[in-house]
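Enquirer: Build out the structure end to end from the sequences listed, making use of the hints.
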Amino acid sequence: MKATVVVVLVGLCLLLAVGASVWFFRRKKPGGEEAEETKEVEVDADFWRDFPIARESPLPIPYGPYFPLDAKGIDKVVAFDDVLSESEMVYLRSLLKEGVKKGRLAKGANPWIKALEERIAKLLQKSPQLLEPLRLIRQDPGDESSPHIDALEDGGGKQGQRLSTLHIFLNSLPPLEEGGRTIFNKLDAGLKPKAGTAIGWNNVVVAGGAANQIDHEMWHMSQALTLDNDAKYTLVAYSRERGC
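All residue numbers for the sequence shown refer to my numbering, where the first residue is 1 and numbers rise by one.
Rather than coming from a laboratory, the hints here were simulated on the basis of the structure.
Keep in mind it's a predicted model, so treat the numbers as computed, not measured.
A portion of the hints provided could be inaccurate.
Here are the simulated distance ranges between beta carbons [claimed, not checked]:
hint, residue 1, residue 2, range
1, S127, A106, 32 to 38 Å
2, K158, D75, 40 to 46 Å
3, K114, E178, 36 to 42 Å
The calculated EDC-like cross-link candidates involving lysine to aspartate or glutamate, where the alpha carbons are at most 20 Å apart (straight line), are [to be verified]:
hint, residue 1, residue 2
4, K114, E86
5, K192, D82
6, K194, E144
7, K194, E217
8, K76, E217
9, K102, D140
10, K107, E42
11, K194, E132
12, K107, E132
13, K101, E132
14, K101, E40
15, K76, D215
16, K107, E118
17, K158, E132
18, K192, D228
19, K101, E153
20, K102, E132
21, K186, D140
22, K101, E42
23, K126, D150
24, K192, D81
25, K97, E40
26, K126, D215
Yeah, the Cβ is synthetic: ideal placement off N, Cα and C, and Gly gets one too.
Expert: Pasting the structure below:
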């Protein structure tokens, strides 16, 4: 009888231990961060309250496009310099508080966000109404995005397909940083982040294909950072087929 009780108790302890382990590892990401830390959250974007100096700062005039990519990627990805001012980049980086790696800016939440959406829409040659809410991403050491495409396999529902993407780098990485590049896997090309530079591309075949046919050459990823004290900040914009 006693032996049976002991076996039952041992079994219950093992089940509890396994359950706790499963719960713990489900909360963890590769690199040791908790999954909850990467949850996308709405961020406070009151630019004029937090950065009044920006009211007097002249807006940058993006110049380009130029093509910084090598190999056959040169005609697939276009880049622009000086898309954001330094004060704008400082502000955007500050919105991702410690422990928060992803956030969204509510569309048209204030005059600055509305102006930023209009600036981005011009670069993508789309109407501002076709933009998804802008997204902020911070990549820390150990983080690495898997290769993916931004087009939506289900067609995007009532808002339609995600037609194009713009990545704006919010900081530069030091010369000794060997990682952090945005890589286009099938184009054999990539770019190291430079503060204020934007790269844009279409997620669908522009000519010679069916309407909104996904361009499967546009697989991309962000390399892991190699230096412990580095972080990569990116503002991401997507345009859709119909209004968002």
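Enquirer: The structure should be examined with respect to each hint, and the outcome stated for every one.
Expert: Going through the hints against the structure:
1. At about 18 Å, the CB distance of S127 to A106 disagrees with the hint of 32 to 38 Å.
2. Remark: the range hint 40 to 46 Å for K158 to D75 is contradicted by a beta-carbon distance near 32 Å.
3. Between K114 and E178 the C-beta distance comes to about 38 Å, which sits within the given range of 36 to 42 Å.
4. Restraint check for K114 and E86: the C-alpha separation of about 18 Å stays at or below 20 Å, so the hint holds.
5. Note on K192 and D82: the hinted pairing holds, with a Cα-Cα distance of about 15 Å set against a maximum of 20 Å.
6. Between K194 and E144 the alpha-carbon distance is near 18 Å, which keeps this suggested pair within the 20 Å criterion.
7. Distance hint between K194 and E217 is unfulfilled; the C-alpha atoms sit about 24 Å from each other, more than 20 Å.
8. Of the supplied pair hints, the one linking K76 and E217 holds, its CA atoms being roughly 9 Å apart against a limit of 20 Å.
9. Our distance criterion of 20 Å between C-alpha atoms is met by K102 and D140, whose separation comes to about 12 Å.
10. For the given pair, K107 sits about 11 Å from E42 by alpha-carbon distance, which is consistent with the 20 Å threshold.
11. Restraint check: the Cα-Cα separation between K194 and E132 comes to about 24 Å, which exceeds 20 Å; the hinted pair is violated.
12. Restraint check for K107 and E132: satisfied, since their Cα atoms lie roughly 8 Å apart, inside the 20 Å limit.
13. For the hint linking K101 to E132, the alpha-carbon distance of about 18 Å falls within 20 Å, and the restraint holds.
14. For the suggested pair K101 and E40, the alpha carbons sit about 7 Å apart, so the restraint of at most 20 Å is met.
15. In summary, the hint linking K76 to D215 is supported, as the alpha carbons are separated by about 10 Å, within the 20 Å threshold.
16. Annotation: proposed proximity of K107 to E118 holds, straight-line Cα distance about 11 Å (limit 20 Å).
17. Simply put, K158 and E132 have alpha-carbon atoms about 13 Å apart, close enough for the 20 Å limit, and the pair holds.
18. Under the criterion of a C-alpha separation no larger than 20 Å, the hint pairing K192 with D228 is consistent with the structure, at around 17 Å.
19. For the proposed pair K101 and E153, the alpha carbon gap of about 25 Å is over 20 Å, so the pair is violated.
20. About 15 Å separates the Cα atoms of K102 and E132, which keeps this hinted pair within 20 Å; it holds.
21. For the given pair, K186 sits about 25 Å from D140 by alpha-carbon distance, which is inconsistent with the 20 Å threshold.
22. Distance hint between K101 and E42 is fulfilled; the C-alpha atoms sit about 12 Å from each other, no more than 20 Å.
23. The straight-line distance between the Cα atoms of K126 and D150 is roughly 17 Å, inside the 20 Å bound, and the hint therefore holds.
24. Of the pairs offered as hints, the one joining K192 and D81 holds, with about 13 Å between alpha carbons and a cut-off of 20 Å not exceeded.
25. Using a Cα cut-off of 20 Å, the hinted pair K97 and E40 holds, with the two alpha carbons roughly 12 Å apart.
26. Proximity of K126 to D215 is assessed by CA-CA distance (about 19 Å); at most 20 Å being required, the pair is judged to hold.
The structure fails to meet hints 1, 2, 7, 11, 19 and 21 from the earlier list, while all remaining hints are met.
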